[in-house]
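Undergrad: The lines below spell out each chain.
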Amino acid sequence: MLKPPTAADRGDSPAVRSLPRIAEYLGLMAVLVLLVALFSALSAHFFSRITFTTLANQIPSLTVIAVGMTLVLIAAGIDLSVGSVMALGSAVLALARVEWQLPLSVAVALCLAVGLLAGLANGFITVRWAVPSFIVTLGMLEVARGGAYLVSESRSVFVGAAMGRVGMPLPVIGLSPAFILAVLVVFAGEVLLSKTILGRYIVAIGTNREAVRLSGIDPRPVVVSVFALSGLLAGLGGVFHVAYLESADPNSGIGLELSAIAAVVIGGTSLMGGRGSVVSSFLGVLIIAVLQTGLAQIGATEPAKRIVTGAVIVAAVILDAYRHTLGNRREHD
Amino acid sequence: MLKPPTAADRGDSPAVRSLPRIAEYLGLMAVLVLLVALFSALSAHFFSRITFTTLANQIPSLTVIAVGMTLVLIAAGIDLSVGSVMALGSAVLALARVEWQLPLSVAVALCLAVGLLAGLANGFITVRWAVPSFIVTLGMLEVARGGAYLVSESRSVFVGAAMGRVGMPLPVIGLSPAFILAVLVVFAGEVLLSKTILGRYIVAIGTNREAVRLSGIDPRPVVVSVFALSGLLAGLGGVFHVAYLESADPNSGIGLELSAIAAVVIGGTSLMGGRGSVVSSFLGVLIIAVLQTGLAQIGATEPAKRIVTGAVIVAAVILDAYRHTLGNRREHD
Amino acid sequence: MAIANVAEPLPLLRVRGVEKRYAAPVLTDLDLDLRGGEIHALMGANGAGKSTLSRIVCGLTTPDRGTMSLGGEPYQPHSRRAAQRAGVQLVMQELNLVPTLSVAENLFLTDLPGRFGFVAVAALLARAVEALTALGLNELDPRTAVSRLGIGQQQLVALAAALAHPCRVLVLDEPTAALTSAEIELAFAHLRRLRAAGTAILYISHRLEEIRQISDRITVLRDGRVVATQPAADAALDEIVRLMVGERAVGALDQRDHSPGDVALRVEGLTRGKRLRNVSFEVRKGEILGLAGLVGSGRTETVRAIFGADRTHAGRVSRGPGPPLTIAGPKDAVRAGIGMIPEDRKEQALLLSQPVRMNMTLAVLPAFVRRRWWIDDARELRAANELRLRLDVRSHSLNQRAGELSGGNQQKVVIARWLLRECDVLLFDEPTRGIDVAAKIAVYRVLNELAARGKALVVVSSELAELMALCDRIAVMSAGRLVTTFARGEWSEDAIVAAAFSEYAGRGDTARRGRVDSC
Amino acid sequence: GTEREPSRGTRRSAAEPPRIALIMKSLANEFFVTMAEGAKAHQAANSGTYTLLVNGIRNESDLAQQVALVEQMMAQGVDAIVIAPADSRALVPVLGKALRRKIVVVNIDNKLDESTLQQVGIDIPFVGPDNRAGARTVGATLAKRLQRTDKVAILEGIPTAFNAHQRRLGFEDSMRGAGIDVVAVQSAHWEQDEANTVAAAILREHPDLKAILASNDNMALGAATAVRQADKTGQVYVVGFDNIPAVHQLLQDGRVLATADQHADRLAVYGIEYALKILRGETQPHDTQTPVDLITTAPH
Ligand SMILES: Nc1ncnc2c1ncn2[C@@H]1O[C@H](COP(=O)(O)OP(=O)(O)OP(=O)(O)O)[C@@H](O)[C@H]1O
Ligand SMILES: Nc1ncnc2c1ncn2[C@@H]1O[C@H](COP(=O)(O)OP(=O)(O)OP(=O)(O)O)[C@@H](O)[C@H]1O
Ligand SMILES: [Mg+2]
Ligand SMILES: [Mg+2]
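Protein chains in written order, with the numbering used here: chain R, 476 to 808; chain P, 476 to 808; chain L, 13 to 531; chain Z, 4 to 303.
Rather than coming from a laboratory, the hints here were simulated on the basis of the structure.
Some hints could be false.
[Said to hold, decoys possible] Facing chain R, according to a computed beta carbon distance under 8 angstroms, are these residues of chain L, among others:
| # | residue |
| --- | --- |
| 1 | S91 |
| 2 | R92 |
| 3 | Q96 |
| 4 | N108 |
| 5 | L109 |
| 6 | V110 |
| 7 | T122 |
| 8 | L124 |
| 9 | E142 |
| 10 | T145 |
| 11 | A146 |
Source: prediction; values computed, not measured.
Every residue, glycine too, gets a C-beta built ideally from N, C-alpha and C.
Required output: the full structure, derived from the provided sequences and hints.
TA: In C-alpha cells:
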C-alpha cells in the first residue's frame with residue numbers, strides 16, 4: 476500500500492544486481508523448508524519422492540502464469556484475466572485437437588495465439604484509452620470466460636492421449652516435460668527482467684512512468700508487450716493444463732488470478748510496481764502448492780485448511796520482511 | 476493590502492470540494508441511462524417500478540461494502556476480505572438469532588462487532604509489520620471464510636422472520652429499510668471523505684504517504700481506522716444480506732471483493748490511491764446491478780452474459796474517461 | 013553528430029511568437045534567439061514561464077501558437093524523443109530519475125547500450141564512469157541505486173546524463189539549485205568546453221552570481237513576455253532583478269540583532285552508519301545555524317536524523333537543558349516542537365495531485381477543525397490565502413493542483429506548510445531551492461522574523477552566500493562529520509570550502525564510495 | 004484382495020485394515036459436508052474394518068486439484084478410492100492410473116462419462132442416485148398442482164456439472180410430460196444469492212409464471228425469497244433438490260413445495276461399503292442405484 480519508492484527509500488534495489496543474489500531468496504526458502512518439515516512431521520507419507528514429483532507436475536500452469544503476472548505487476552499493472560484466458564486457450568486447443576483433428580503442434584500454436592491476442596487486447600485498450608488495467612483485464616476475465624463456454628458449449632472435453640506426454644512424468648526422474656519447461660520459463664523471465672533492455676524499461680515504467688515519458692521513452696509499447704506476454708503465458712498455462720488433465724474444462728482457472736497474484740506478492744513483488752523478482756514468485760508458487768498439498772495429505776478439515784492457509788500466507792510475508800533492511804522498513808511506517 | 480480569496484479559490488476541487496458537483500457524475504449517469512434504455516428496449520417488462528424497487532432491495536450489501544472499499548482504495552490500500560467477512564458476520568448473526576435465540580439488536584451488534592474486529596486485524600497487521608494490505612486481507616479472506624464454515628458447520632441457516640422487516644420492502648414506496656440505510660451510509664461516506672479531517676488525511680496518505688509522515692502526522696492510526704471501517708461495513712453488509720435472503724449462507728460473498736472493487740473503480744477511484752468519490756462508487760454499484768438484472772431478465776445465455784458484462788464494464792470506464800481532463804490520464808495505466 | 017555545423021552566423025535555435033496558456037496565459041508572443049557557441053541565461057521570477065519555454069523547446073509541451081527553427085530548418089518537436097534526435101538535450105528542473113534503477117541505467121536510459129536486446133553491462137558501466145568523472149563524481153559507484161542518493165547527487169546525475177549525450181542545443185533548467193560551489197565549478201568547466209565546441213546553451217538559474225560567471229547573454233522573462241535581452245557583460249544585476257520582478261520592491265535584508273537566548277536544541281553524538289559520524293551541536297533560541305558542506309556530506313542525513321525521519325544508530329537529541337527526547341518518528345519530533353522542511357519537495361513534501369490549499373494546511377489541519385471532526389473550510393481558506401500572499405505564491409487559485417505550480421512556487425508552498433505550525437525548532441533543508449531572487453528575500457525575512465520571535469533555526473543550504481547572509485553560526489560538514497563551526501564574522505568563503513573538503517582529503521575517493529556502498 | 008500383485012497399499016493391508024480415501028468435491032458445500040460426516044460416522048462405527056481419509060477441493064471447478072488429490076492418495080498407497088468427481092471426464096485418466104496400480108476405485112455422486120471411460124479402456128462402478136429420475140419425481144409432484152400450458156422456469160446449477168445437467172433434464176422430462184411450458188432456463192451456479200437475482204428477473208419478465216424449479220435447495224431458498232419479495236407467495240410454487248435443513252421451515256410454510264432427498268449422509272457410505280466388498284472380493288464391479296426420496300413436508 477505504498478507509493479513508488481521515494482528518495483527516502485534507500486534500501487537495496489533490483490538495479491544494483493544483475494541476477495539477484497541467493498541471499499534474496501533465503502527468507503522464502505526458510506518458509507518453504509519450515510512447511511515441508513511441518514507436514515513431514517504430521518504425515519508419515521508426506522516426505523516422499525512421489526509427493527514432490529506429483530506436486531511439481533501439478534504446478535506448471537500456475538508457474539508460467541505467475542511469471543507473466545510478475546512482469547505485469549512490476550510494470551505497475553495487473554492482469555485479472557489470466558484464469559479465463561487459460562480456460563479459453565484450453566477450450567480452443569481441445570476443439571482443434573479433438574473436433575478438427577489438427578496436428579498437436581498446430582493446436583498448441585492456436586492456443587498460444589489465443590492467449591497472445593487476449594493479452595494484446597488487454598495491453599492495447601489499457602494504453603489507448605488510458606483505462607486502469609484492473610478494469611480492462613476484469614472485462615477480459617468475463618469475455619474470455621464467455622468465449623470458453625461458447626467454444627466448448629459449456630462441456631468439458633476429453634483429449635486423452637491426443638496431448639502426447641507433455642504433462643506425463645518422464646520415466647526416471649518422474650518430472651513432466653511441462654514442469655521442466657515451466658522452470659525454464661521462470662529463468663527466462665528472470666533474465667528478461669534483469670538482463671535485457673525491455674526488462675529495465677519495465678522496471679522503470681513501474682517505478683515512475685511519468686519520468687520515463689519525460690526522458691523521451693514512449694512507455695506504451697512496453698506496457699502492451701508486457702500484457703501480451705502475460706496473455707501468451709496464460710495460453711501456455713492452458714496447454715500445460717490440458718496436458719495434465721488430458722481434458723479441457725471451460726470452468727478451469729476460476730480464481731486463478733488471485734492465487735497467481737498471491738504467489739507473486741508473497742515473492743516480494745510490489746503491487747505498486749517497480750520492484751520484484753520472477754524467481755521469488757516461483758518460490759511463492761511453491762509455498763502455496765506445498766501448503767495445499769500438505770493440508771490435503773494430513774486430511775485437514777475445510778475450515779482448518781482455510782484458516783491455516785490464510786495465516787501462513789501472511790506469516791510468510793512477515794517472515795520474509797525481516798530479511799529486508801531497515802531502509803525499506805522506514806518508508807512503511 | 477490583503478487580497479481576499481478569489482472565487483476560484485472557493486470553487487470546488489476533488490479534495491476540498493463541499494459535496495462534489497453533479498457534473499462529476501454525468502458520465503456514469505449517462506452509462507446508467509443507456510443501459511436502462513437498452514434493456515427497456517429489449518424487454519417489455521424491464522422498465523417498471525417493480526424492477527427498480529427489487530433492484531434497489533438487492534444491492535444494500537454491495538453498496539455499503541463498496542463504500543468501505545472506496546475509502547480503502549483512496550488510502551492506497553485494498554481489502555480482499557470483505558466477502559468472507561460478510562459471510563462470517565452473517566453466520567454469527569444467524570447463530571446468535573436462531574441457536575442462541577438472542578434479541579435481534581444483540582445479534583446485529585455481534586455481527587457488526589465481528590466485522591469491526593476483522594477490519595481492525597487487517598489494519599493492525601498491515602501497519603505493524605508493514606505487510607502489503609493485499610496479502611493481509613487475502614489472508615483474512617481465507618481465515619474469515621474458514622471461520623464462517625466453522626460457525627455454520629458449512630450449512631446455510633434459515634432465519635426467516637427472525638430478522639424482522641429490515642430487508643422487506645416498505646408498504647407504499649416498495650423500498651426496504653436496508654436500502655434506505657445503505658443510501659444514508661453512502662452520503663455519510665461522502666461527507667466523511669470531503670468534510671472531515673479523517674477524510675482529508677485518508678486522501679493525503681493515499682497521495683503521498685511519506686509526505687504525510689514527514690508532516691508530523693502518523694499515518695498508521697488513520698490506515699487502521701480505514702480498514703476497521705471497511706470491516707464494520709462488511710459486517711453491516713452481512714446484516715443486510717441475511718435480512719434480505721432470510722437465511723445465512725457460509726458460501727455467500729465469494730468473489731464479492733472483485734465486484735466491489737469493480738464498482739468502485741468504475742466510479743473513477745484510482746487503485747493507486749489519492750483520488751475517488753463514494754457517490755461515484757454507488758453509481759458504479761448501480762451500473763453493475765442493472766447489468767446483472769437486465770441480462771437475467773432478457774434471459775441471455777451464460778456466454779452472452781459474460782461477454783456483455785465484460786464489454787460494458789470496460790466501455791463504461793472509457794466513456795466516463797472522456798469526461799475527465801487529460802490531467803488525470805497518467806495516473807491510470 | 014551535431015557538432016558538425018559549428019560556427020553558424022545566424023542563430024542556431026530561433027523561437028518566434030510562441031504562446032502557451034493553461035488556466036491563465038503563461039507565455040505570450042515570445043521571441044528568442046539562441047546562437048551556437050553561446051551560453052544564454054534565461055531569468056525570470058517564479059512562474060514567469062521559463063520551464064514552460066524549455067519544455068516547449070524540448071518537445072514536452074506543444075505551444076498554442078508560434079514557430080521554431082533549428083539550424084535554419086523549421087523545428088516542431090512532437091515529442092522529447094524527436095527533440096533529442098534533432099540534437100536538443102534538456103535537464104529538467106524537477107528531477108525525473110528512476111529511483112529503482114542504477115545511476116548508470118539512469119544516465120543512459122534513453123539509449124541503453126545493448127546486444128540482441130541485452131544490456132551490455134560492461135559498456136554501460138564504462139560510459140557511466142566516464143560521464144560521472146566529467147563532473148567530478150568519480151567517487152560515485154554507477155551501480156548504486158538512485159534511491160540512495162541525496163537530492164544534490166541526483167541533480168548531478170541528471171546533469172551528467174544530459175552532458176553525456178552530444179547535442180547542438182542544451183537547455184539547463186536550474187541545474188545547480190542544490191549544488192555547492194565546488195560541484196558547480198566542475199559543471200561550469202564542462203559547459204565552457206561545450207560552448208567552445210559550438211553548442212548553444214540555454215541556462216536557467218536564480219543564482220545571480222552564477223549568471224555573471226558563465227553567461228554571454230541574458231534574456232529576462234516577466235509574466236511570459238521577454239522584457240530584455242542584453243550582453244551579460246554590461247548587465248547590472250540589480251537592474252536585471254528589477255526587470256524580473258517589476259515593481260515588487262526587493263529591498264535589502266533588514267538586520268536582526270544576533271543575541272541568541274539559551275539552548276533550544278542540543279544534538280549529541282548523532283551516528284548513522286558511515287554516513288553520519290558522531291555529529292554534535294547546539295542551537296539557541298533566536299539563533300540561525302547554517303549547515304554547509306559538499307553534496308553528500310550528510311547535511312540532509314543530519315536533519316532527517318534529528319527529526320526522526322530515519323532510524324539512527326546512536327545519538328541523543330534534547331530540547332535545551334531538558335532530558336533527551338525519545339523520537340521514534342516525525343510525529344514525536346513535531347510534538348516536541350521540532351519541524352522539518354525536507355530537501356525533496358516532490359517526493360517528500362508535496363501532494364502533487366492535490367490542491368495548493370490542502371498542501372499548505374496539511375501539518376496544521378487540527379487548527380481548522382470544528383467539533384473535533386469538521387474542517388472549517390472558510391478558516392482554512394483564509395489562512396491559506398494569507399500564506400499565499402505572504403510568500404507570494406503564484407497560482408491562479410488555491411485549488412490548483414500543487415503539481416501544476418512552477419518549481420519555485422511549489423517550494424514556497426512547502427515552506428508555507430510549516431509557518432502555521434508553531435514549532436520552537438525548525439530544520440530547513442535547502443529551503444530556497446528554485447526560488448527567485450525577490451521571493452528569496454521574502455523567505456529570508458520570514459526566517460529572520462521566526463528567529464526574532466525566539467525560534468531556533470537550522471538551515472541546510474548549498475548556497476554559501478545565502479548562509480553567510482542569514483546565519484549567526486555556520487557548521488561545516490564533511491564526509492558525515494561536523495568538522496568546524498564558524499561564528500558570524502569569523503568565517504570566509506575559502507575557510508568554509510576548505511573545511512568542507514577536509515575529511516575527504518587524503519582518504520580520497522574510496523571513503524565516499526564506501527559510504528555509498530554501505531547498507 | 005490377496006491374489007492382487009503387491010502394491011504399497013496391499014502389502015500393508017495384510018497386516019492392518021485397508022485404508023480408504025474419500026475424495027469429495029468442495030467440502031465447503033453443505034451437501035458434501037453431510038456426505039463426509041456420514042462417512043466419518045460410519046468409519047467410527049467400524050473403525051476395526053477400515054481407516055478413512057477424507058479430502059475435498061477448494062471449489063467445484065478446481066479439477067487440477069482433485070486430480071492431484073487422487074495422485075497424492077495413490078502416493079500414500081491407499082487400498083481404495085471412493086470419489087465424487089468434480090468433472091465427469093477430466094478425472095477418468097488419473098483414475099485409470101489408480102486402477103492400474105491395483106487400487107479399487109468407486110465412483111459416487113457424479114457419474115463418470117461412459118464414452119470417456121471406454122476411450123481410456125477402463126470400467127469404474129458407479130454407486131449413487133439417479134439425479135434425473137429424482138428431478139423427474141419432484142417435477143411430477145409440481146405438475147399435479149399446475150395446468151397444461153402453465154409457465155414455469157428452471158434454475159440450473161453450474162452448466163458444466165453432470166448433476167446440474169441431469170436434474171435439468173429430469174425437470175424438463177416431467178414438465179414436457181405434463182404439457183407444461185418451460186419459459187426460461189438460467190444458471191445460478193448453485194448459489195442462493197444469484198438464484199435470487201435471476202429468479203426475481205424471471206418473475207418480472209413472466210408475470211404469469213406459475214413455478215420455479217431449482218436444481219438445488221440453496222437456489223430454491225434464493226428463489227423463495229424472490230417470490231416473497233415480488234410478493235407472489237402462494238401464487239408461484241418453488242421446488243428444490245437435496246432436502247437441506249434450511250428448507251424444512253419453508254416446506255412447512257409451503258413456500259417450497261417439494262424437494263428430493265438422496266440421503267447425502269448415506270451416499271458416501273454406500274460407496275465405501277461397496278469398495279470394502281470389492282476388496283474382500285465379495286463382488287465384481289457393476290453400477291448400483293441408491294434411493295432418492297421425494298420430500299413434500301419437513302420431517303419432524
Ligand atoms: N500543467 C500546468 N497546468 C496549469 N498551469 C501550469 C502548468 N504548468 C505550468 N503552469 C503555470 O505556468 C506558469 C509558469 O510555470 P513555469 O514552470 O514555466 O515557471 P518558471 O518560470 O519555471 O518558474 P520557476 O522559476 O519557479 O521554475 C506557472 O504559473 C504555472 O502555474
Ligand atoms: N542507503 C544508503 N546507501 C548508501 N549511501 C547512502 C544511503 N543513504 C544516504 N547515502 C549517502 O549518504 C550521503 C549523505 O546524504 P545526504 O543526502 O545527507 O547528503 P547532503 O549533505 O544532504 O547532500 P545532498 O542532500 O545535497 O546530496 C550521500 O552521499 C548519500 O548518497
Ligand atoms: Mg521552472
Ligand atoms: Mg541534502
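Undergrad: Hint by hint, work out which the structure violates, then give me just those numbers in ascending order.
TA: 9, 10, 11
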